[in-house]
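A.B. asks: Those sequence lines, one after another, are chains A and B. Under our numbering, the letters of the first sequence match residues 27 to 214, in that order. Under our numbering, the letters of the second sequence match residues 27 to 214, in that order.
Since the hints were made in silico from the structure, they are not lab data. Be aware that one or more of the hints could be misleading.
For identical chains, the list gives no copy identity; a pair is met inside one copy or between any two copies.
[Claimed, not checked] Below are the DSSO-like pairs computed for lysine-lysine, each with C-alpha atoms no more than 30 Å apart in a straight line:
id	residue 1	residue 2
1	Lys204	Lys101
2	Lys204	Lys140
3	Lys152	Lys71
4	Lys207	Lys140
5	Lys30	Lys154
Take a look at the letters that make up each chain.
2 protein chains.
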Amino acid sequence: MEKKISTKQRILDTASNLFYYQGFNNTGINQIIAEADIAIGSLYKHYRSKNDLLYSYLQTEEEKFFTSLNEYLGKASDPKEKLLKLVDFRIRLQEEAQCSGCHFIKINAELGRKDECVNELVLNHKAKQKAYLHEILDELSTSGSQHLETSLLANILFLMIEGAVVSATITGNTNDLKSVKAYIQQLF
Amino acid sequence: MEKKISTKQRILDTASNLFYYQGFNNTGINQIIAEADIAIGSLYKHYRSKNDLLYSYLQTEEEKFFTSLNEYLGKASDPKEKLLKLVDFRIRLQEEAQCSGCHFIKINAELGRKDECVNELVLNHKAKQKAYLHEILDELSTSGSQHLETSLLANILFLMIEGAVVSATITGNTNDLKSVKAYIQQLF
DNA sequence: GTCTATAAGGAGATAGAC
DNA sequence: GTCTATCTCCTTATAGAC
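Based on the provided sequences and hints, a complete structural model is requested.
C.D. replies: Now the structure itself:
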């Protein structure tokens, strides 16, 4: 017994794709309702405004990100392997998305920090990514040699990956993400 | 004899600020002419379209960036000092701009790679930044010990800085750019 | 809950007077 | 070269029928 995807979900899926691939400001309500094949009245019954749709989009992406990441790393136990797989995860995401970048960086670039709700979601997402890296590096420093202060190194690795994802958005390839992998290989 | 800034220049300055601080898609022609205090007819005598204004904006920023950078590094001769000053330069730029990020990364995030002219300007700017870092590292590897393949290290430093500038846009501070400086201090 | 019709305003761009 | 007036289209959002 297959359950039909709800209208509300279909609206969110359509809007999410458009926001991500062509930008929030470049996406009109009319295009969303046309591609979701619904009437405008239906949209505003489910979502108060275009901004409400944006918040739902970002919240969903936040949940999807860490669920998928944990799933992807699931088997790995060695911290170095975890680091490499974490970068692999980002490579896979970008290759699946035609190198369209990070949802949160893009929204921040479009809207700045003015919308408090959006900014909080972006800040929170990035803080969680950084904390995730810090956890992995904690395992590394207790099991092996201590190269650098763990906190600084976690920060630096985070920034490298951020830069490499942005570079993927600009160049359309994942070469720089692969450079990050090569650097991690040499570092530990 | 002070020369008055031309109307054309004033249009470009106004548009550039608006594009940078509130985004390209968030900036309307009406706002540009209002803030530049000119009539719409005048704008279209000087620029064919809003896109034409965008190209001029990016070209000007490209020139300003490397002119200012060379000026800032002018005195430095030691390659390690050059690296640190290069990051200092980015810190200063972000602090002067209330951490509003990189002109080119932001435009790429808003418009993607669809507009060939914009994408070429962004790609070219980033390639020049990377090449600049490579040059400095070449001096380092001939004068001192060779830690890593120069090309990979230049890449990695570039990505770190890119990530730290994006982080400044998100957090509103330059802490991560300062982490990059700390990392460079330890690296060489 | 989904629909159509429409409001109210802003977008980018052009014509033509001065 | 600068101006005003205007065109056409699209924007987000609401009202009210079914």
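A.B. asks: Indicate, hint by hint, whether the structure satisfies it.
C.D. replies: Tested hints:
Within a single copy, Lys204 and Lys101 get their C-alpha atoms as close as 21 Å, which meets the 30 Å cut-off; across copies the closest is 35 Å, which misses it. When the C-alpha separation of Lys204 and Lys140 is checked against a cutoff of 30 Å, the pair qualifies only between copies, where the shortest distance is 24 Å, while the shortest distance within a copy is 34 Å. Taking CA atoms no more than 30 Å apart as the test, Lys152 paired with Lys71 passes in neither setting, with 32 Å inside one copy and 45 Å between copies. Taking identical chains as interchangeable, the C-alpha atoms of Lys207 and Lys140 lie at most 30 Å apart only when they sit on different chains, with a minimum of 28 Å there against 35 Å within one chain.
Proximity of Lys30 to Lys154 under the C-alpha cut-off of 30 Å is found in neither arrangement, the shortest distances being 34 Å within a copy and 51 Å between copies.
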